[in-house]
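Those sequence lines, one after another, are chains V and E. Under this note's numbering, read the first sequence as residues 12 to 335, first letter to last. Under this note's numbering, read the second sequence as residues 12 to 335, first letter to last.
Hints may be right or wrong, so weigh each one.
Because identical chains cannot be distinguished in the list, a pair is counted as satisfied if it fits within a single copy or across any two copies.
[To be verified] Below 30 Å or equal to it, Euclidean Cα-Cα: the simulated DSS-like pairs (lysine-lysine) are:
#	residue 1	residue 2
1	244	107
2	311	32
3	127	51
4	255	19
These aren't lab readings, by the way, just hints derived from the structure by calculation.
Residues per chain are reported as follows:
There are 2 protein chains.
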Amino acid sequence: MEKLAAYKRKINEFLKLENFKRSPANLYNPIDYALNMGGKRLRPVLVLAGCDLFGGNIEDAMRPAIGLEIFHNFTLLHDDIMDDAQQRRGSETVYKKWDTNIAILSGDTMFALAYKYILSGNHKNLPAILNTFTQTAIEVCEGQQHDMDFENRNDVTIRDYLEMIRLKTAVLLGASLKIGALIANADAAHANLIYDFGVNTGLAFQLKDDWLDAFGSEEKFGKSIGGDIVANKKTYLLLKCLEKATPPDRKKLAGLYQDKTLGAAAKIGQVLDIFEKYEVKEESTLEMENFFNLALKAIKSSSAPQDKINGLIGFAEWLYKRDH
Amino acid sequence: MEKLAAYKRKINEFLKLENFKRSPANLYNPIDYALNMGGKRLRPVLVLAGCDLFGGNIEDAMRPAIGLEIFHNFTLLHDDIMDDAQQRRGSETVYKKWDTNIAILSGDTMFALAYKYILSGNHKNLPAILNTFTQTAIEVCEGQQHDMDFENRNDVTIRDYLEMIRLKTAVLLGASLKIGALIANADAAHANLIYDFGVNTGLAFQLKDDWLDAFGSEEKFGKSIGGDIVANKKTYLLLKCLEKATPPDRKKLAGLYQDKTLGAAAKIGQVLDIFEKYEVKEESTLEMENFFNLALKAIKSSSAPQDKINGLIGFAEWLYKRDH
Numbered sequence: 012m013e014k015l016a017a018y019k020r021k022i023n024e025f026l027k028l029e030n031f032k033r034s035p036a037n038l039y040n041p042i043d044y045a046l047n048m049g050g051k052r053l054r055p056v057l058v059l060a061g062c063d064l065f066g067g068n069i070e071d072a073m074r075p076a077i078g079l080e081i082f083h084n085f086t087l088l089h090d091d092i093m094d095d096a097q098q099r100r101g102s103e104t105v106y107k108k109w110d111t112n113i114a115i116l117s118g119d120t121m122f123a124l125a126y127k128y129i130l131s132g133n134h135k136n137l138p139a140i141l142n143t144f145t146q147t148a149i150e151v152c153e154g155q156q157h158d159m160d161f162e163n164r165n166d167v168t169i170r171d172y173l174e175m176i177r178l179k180t181a182v183l184l185g186a187s188l189k190i191g192a193l194i195a196n197a198d199a200a201h202a203n204l205i206y207d208f209g210v211n212t213g214l215a216f217q218l219k220d221d222w223l224d225a226f227g228s229e230e231k232f233g234k235s236i237g238g239d240i241v242a243n244k245k246t247y248l249l250l251k252c253l254e255k256a257t258p259p260d261r262k263k264l265a266g267l268y269q270d271k272t273l274g275a276a277a278k279i280g281q282v283l284d285i286f287e288k289y290e291v292k293e294e295s296t297l298e299m300e301n302f303f304n305l306a307l308k309a310i311k312s313s314s315a316p317q318d319k320i321n322g323l324i325g326f327a328e329w330l331y332k333r334d335h
Numbered sequence: 012m013e014k015l016a017a018y019k020r021k022i023n024e025f026l027k028l029e030n031f032k033r034s035p036a037n038l039y040n041p042i043d044y045a046l047n048m049g050g051k052r053l054r055p056v057l058v059l060a061g062c063d064l065f066g067g068n069i070e071d072a073m074r075p076a077i078g079l080e081i082f083h084n085f086t087l088l089h090d091d092i093m094d095d096a097q098q099r100r101g102s103e104t105v106y107k108k109w110d111t112n113i114a115i116l117s118g119d120t121m122f123a124l125a126y127k128y129i130l131s132g133n134h135k136n137l138p139a140i141l142n143t144f145t146q147t148a149i150e151v152c153e154g155q156q157h158d159m160d161f162e163n164r165n166d167v168t169i170r171d172y173l174e175m176i177r178l179k180t181a182v183l184l185g186a187s188l189k190i191g192a193l194i195a196n197a198d199a200a201h202a203n204l205i206y207d208f209g210v211n212t213g214l215a216f217q218l219k220d221d222w223l224d225a226f227g228s229e230e231k232f233g234k235s236i237g238g239d240i241v242a243n244k245k246t247y248l249l250l251k252c253l254e255k256a257t258p259p260d261r262k263k264l265a266g267l268y269q270d271k272t273l274g275a276a277a278k279i280g281q282v283l284d285i286f287e288k289y290e291v292k293e294e295s296t297l298e299m300e301n302f303f304n305l306a307l308k309a310i311k312s313s314s315a316p317q318d319k320i321n322g323l324i325g326f327a328e329w330l331y332k333r334d335h
């Protein structure tokens with residue numbers, strides 16, 4: 012865990028030193044702004060960790076790691092337009108601070124820059140690295156489309172939901188680790204094991220994100236609780252509750268989500284009461300543990316040194332047990 | 012020229028057979044729609060021509076060629092949002108037919124698909140091919156930003172304008188040829204000569220596009236004349252006219268562009284009268300010839316067979332002499 016915290020500092024230092032403010036300013040200033048907004052730096056940290064796990068030199072992985080972080084921030088720029096999001100990490104979103112056109116085009120440029128950083132290492136495994144990255148980028152777009160489609164669907168199942176978060180969030184965590192492993196010249200079989208570890212960790216991570224939105228402490232989480240409920244998001248919690256509830260409670264729950272006259276606090280309170288009745292908090296925790304165990308199984312089959320494996324397991328455990 | 016027409020048919024057949032309609036439908040149907048809208052297929056044709064020029068097998072270049080066409084159409088999807096364009100090639104734009112969010116996300120997916128097609132050949136020169144493509148993609152975004160910035164600037168020079176169209180349009184034509192050459196294992200020096208040929212041809216091509224918008228025949232051009240004048244676009248024609256005109260005429264011209272009460276036909280007519288007075292039609296033709304000659308100089312320095320060089324020169328000549 013300390014090693015990963017050091018990686019995060021390293022990434023932040025690199026991004027600060029790397030000057031993204033080039034000409035034309037209306038294109039590059041938003042990029043520099045987005046990349047210095049902070050955040051967990053989860054994806055680049057995982058690239059470095061994946062490289063280290065298989066005995067690689069993390070310096071070789073730095074620029075591809077930055078590429079993954081640029082890609083992630085590109086998706087945020089475009090998602091914020093699509094979701095009409097005003098704030099991110101306590102600051103105005105690019106789309107609000109500038110405008111939609113600039114957020115589209117700066118995002119497009121970041122996608123190209125992501126490739127530039129990944130390419131700049133000229134690694135032996137370049138084709139495999141780029142195939143992994145490209146396939147993942149396509150899947151992330153598919154996940155975002157499913158998420159948008161869910162808004163207008165009333166037949167979303169838990170299985171659909173898990174597939175959506177797998178595509179939208181989890182595969183990129185898996186790909187980050189796998190790309191790190193490929194930079195360290197891990198063979199395909201081991202690179203795929205660490206990918207599976209990352210995807211399952213990512214599923215638990217996203218479930219925890221939804222969990223914190225409903226059950227977290229506002230103080231620790233840093234944002235107000237119940238946002239997903241107010242926004243009528245079809246989360247695991249809601250879908251599990253709909254699955255378990257009696258027909259009258261299911262009707263009541265559906266009614267709460269459709270009621271446009273109800274205030275946010277009242278809506279959140281009443282929905283959480285039904286969530287509690289059907290123990291969806293515990294159900295969600297069980298699901299996270301399930302994915303964590305699948306992650307464990309994958310990483311334990313790899314040939315990496317035990318102490319490094321333990322470090323990553325500790326990180327994965329923290330990701331789904333965290334309270335913020 | 013016949014060879015290039017055959018390449019175009021080949022590209023259209025490939026795109027028709029390749030089914031882009033996958034799940035989720037809201038993501039992939041717009042992609043399939045955009046890729047089967049027609050168009051000149053200039054970029055993929057140039058990839059195949061660049062490959063053939065240096066003795067490569069054009070079958071090896073087919074998938075990268077498709078990648079370049081997908082990339083070009085991605086930029087059109089996003090440009091149409093930014094320009095609020097309702098129609099393209101006689102059909103509704105993706106952004107109008109679906110919505111902004113879908114046009115953003117389908118575009119993003121096309122950018123990733125472009126890489127997928129370019130990668131799928133697994134060529135010996137893959138790093139050089141991808142570096143060329145990625146750098147070009149960044150430049151195309153920069154060009155689009157300059158173009159948007161021009162709308163709010165009153166100090167745009169002809170030099171600024173030429174740099175904008177170089178980035179927005181010309182480098183992608185150069186890159187298409189260069190990528191084809193690299194697939195045929197041309198060395199860097201020759202790949203760069205054909206790139207220069209493509210960039211200069213691209214500059215002449217874009218100047219002709221602007222020329223046709225002002226002086227073309229509506230019947231042959233397939234769209235109404237004067238669109239750039241109505242939209243207050245800072246084209247070569249306007250900038251050259253402002254440069255040459257006497258202070259009173261310059262003031263008159265500026266007034267016509269600012270007058271919001273003037274009807275489109277009257278505005279176009281009066282602007283064209285001033286264009287005629289200062290012979291900007293002829294000035295623009297001279298500039299095209301200048302770029303065509305630079306293109307000639309570059310391609311004639313290459314070691315490619317004379318008959319193939321002549322074929323490409325004929326094509327470049329057609330591009331800036333065409334009447335539609």
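Same-copy or cross-copy closeness of residue 244 to residue 107 [CA-CA at most 30 Å]: both (22 Å within a copy, 27 Å between copies)
Up to 30 Å CA-CA - residue 32 versus residue 311, copy category: neither (43 Å within a copy, 39 Å between copies)
Within, between, both or neither, where residue 127 and residue 51 count as close if Cα-Cα is 30 Å or less: both (22 Å within a copy, 29 Å between copies)
Within, between, both or neither, where residue 255 and residue 19 count as close if Cα-Cα is 30 Å or less: This pair counts as neither: shortest intra-copy Cα distance 41 Å, inter-copy 57 Å.
Hint compliance for this structure: hints 2 and 4 are not met, and every other hint is.
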